[in-house]
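Chain by chain, the residues:
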Amino acid sequence: MKDSQGPLWEVFIQKKSGQPFVHAGNIHAFDKEMALQNARDTYTRRMEGVAIWVVMSSNIVSSSPEEQGSFFDPANDKIFRHPTFYQVPDAIKHM
Amino acid sequence: MKTLDFEQLFESKLANGEMIEPKDWMPENYRKHNIRQISQHAHSEIVGMLPEGNWITRAPSLRRKLVLLAKVQDEGGHGLYLYTAAESMGISRDELLDALHTGKAKYSSIFNYPTLTWADVPAIGWLVDGAAIMNQVMLQRTSYGPYSRAMIRICKEESFHQRQGYEGMCALAFGTPDQKKMAQDALNRFWFPTLMMFGPPDKESPNSENALKWRIKRETNDELRQKFVNQTVPQIDYLGLDYPTNSGIKWNEAKQEYDFNEPDWVEFKNVISGNGPCNKERIEARVKAHNNGAWVRAAAAAYAEKQKQKSVAA
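Residue numbers (our numbering), protein chains in the order written: chain A, 1 to 95; chain B, 96 to 409.
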């Protein structure tokens, strides 16, 4: 959507080194540098993170909620992908 | 899927306590109600910067000044979280701001009252932010995902706002007689406007029914107002201040809560519809700030465009 505030960006924040980047929210900015600065000022005023990713919202591709059922269907009946599917003798430890 | 199926899916999500996300199908009225409520909330944060901002340059100490600056900056941040939550429902920031600037959109009536003395700053932190928190804690579990996530973030930050306010009230209430008088005066002036923040009584609240049905709100205006009074009266007692004139605050042993007088709902309607003490001044300040920033936005857009051309050429 055209907006005098610049395009919309998605903000992802890494809380601590080694942890995944988690979606925090959105900001408006005209370019990458401003996007990073605005994300910092908006979402990390209390040291909420050690690193930030920003990506223009128009570049996000998302699965559609209506197709949730069929989209994730292939994983629905494969309980053998989980460790608890398998019987291990009681005498066996560390497995 | 047919509309009927979509509607069933929407209703079943609400019934199961699931969140509605931006790409989910939703009834048009649900969208409208949320856009109205979230944007009013965003506007309130932004306009709320003005009465307190009034005292930044005159804060009584460097410590209080730093705290007030941080608080006002937080309010700006809260406005931004909320604007983008509203935008996720398909309305642009320009449209939202335009509605505020032209008086089409409302914001909390409380910010149309003036801040006459320094004591108003701690009183706002204590009472106004206290009332806001009551509402916002409930809204953390609102049914629209982006709104809920914004509220969770806001609640984490808001607690500092209320605590710094009460600390400031203590400093005045336990200070010189003149300081105590200032604290009392601020409490007297902000008591009823704060009670109005929860909105009209349930029997006259036009938007409440849908808000509860759709789990946008989970408690009624009157329930929240009572909760706020129960929580706040002991805090007045601790400060050693008198109950505000005509507040009618009295412990009700049978109900195990405080009785209190309703605010003047005619005044509330007047302030909401633009005739409060500071409505005109607040909107003028917003419009002026927005217009004064126009050249910055234009320059930033031109710069971004130029950089894009350069990278294409390279």
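Because the hints were derived from the structure by calculation, they are not lab data.
All C-beta atoms in this analysis are idealised placements derived from N, C-alpha and C, irrespective of residue type, glycine included.
Among the hints, a few may not be true.
[What the hints assert, rightly or not] Mimicking DSBU-like on lysine-lysine, the simulated pairs with C-alpha atoms at most 30 Å apart in a straight line are: (1) K350/B x K78/A; (2) K383/B x K32/A; (3) K251/B x K160/B; (4) K275/B x K298/B; (5) K405/B x K32/A; (6) K403/B x K16/A; (7) K375/B x K403/B; (8) K15/A x K118/B; (9) K350/B x K375/B; (10) K127/B x K375/B; (11) K108/B x K251/B; (12) K403/B x K32/A; (13) K32/A x K364/B; (14) K160/B x K308/B.
[Said to hold, decoys possible] Beyond 12 Å from chain B on every Cβ pair, some chain A residues (computed): (15) V11; (16) P20; (17) I27; (18) D31; (19) N59; (20) F72; (21) N76; (22) K78; (23) R81; (24) I92.
(message) Quick check for students: does the CB of N59/A sit more than 12 Å from each CB in chain B?
(response) Its Cβ never comes within 12 Å of chain B, the nearest being 14 Å, so this holds.
(message) Please verify that the nearest CB of chain B lies beyond 12 Å from P20/A's CB.
(response) Non-interface label on P20/A holds, nearest chain B Cβ at 17 Å vs cutoff 12 Å.
(message) Need the status of pair K375/B, K403/B: alpha-carbon distance at most 30 Å?
(response) 41 Å, violated
(message) For K15/A and K118/B, compute the direct alpha-carbon distance and say whether it is at most 30 Å.
(response) Measuring from Cα to Cα gives roughly 27 Å; hence the hint holds.
(message) Against the 30 Å threshold, does the CA-CA distance of K405/B and K32/A hold or violate the hint?
(response) Distance of about 15 Å is within 30 Å: holds.
(request) Would you check the hint for K108/B and K251/B, treating anything up to 30 Å between C-alpha atoms as holding? (result) Roughly 27 Å between the alpha carbons, so the hint for K108/B and K251/B holds.
(request) Would you check the hint for K350/B and K78/A, treating anything up to 30 Å between C-alpha atoms as holding? (result) 56 Å, violated
(request) Say whether it holds or is violated: K78/A keeps its Cβ farther than 12 Å from all Cβ of chain B. (result) Consistent with the label, K78/A stays out of reach of chain B, its closest Cβ about 24 Å off (over 12 Å).
(request) Quickly compare the C-alpha distance for K275/B and K298/B to 30 Å and report which way the hint goes. (result) With Cα atoms ~38 Å apart, K275/B and K298/B exceed 30 Å; violated.
(request) Would you check whether the claim that F72/A is not at the interface survives, using Cβ distances to chain B and the 12 Å cut-off? (result) At about 15 Å from chain B, F72/A clears the 12 Å cut-off, so the statement holds.
(message) Is the claim that I27/A lies outside the interface with chain B correct, judged by CB distances over 12 Å?
(response) 7 Å, violated
(request) Against chain B, does I92/A hold up as non-interface, every C-beta pair farther apart than 12 Å? (result) It holds; I92/A is separated from chain B by about 40 Å at its closest Cβ, greater than 12 Å.
Hint compliance for this structure: hints 1, 4, 6, 7, 9, 13, 14, 15, 17 and 18 are broken, all remaining hints hold.
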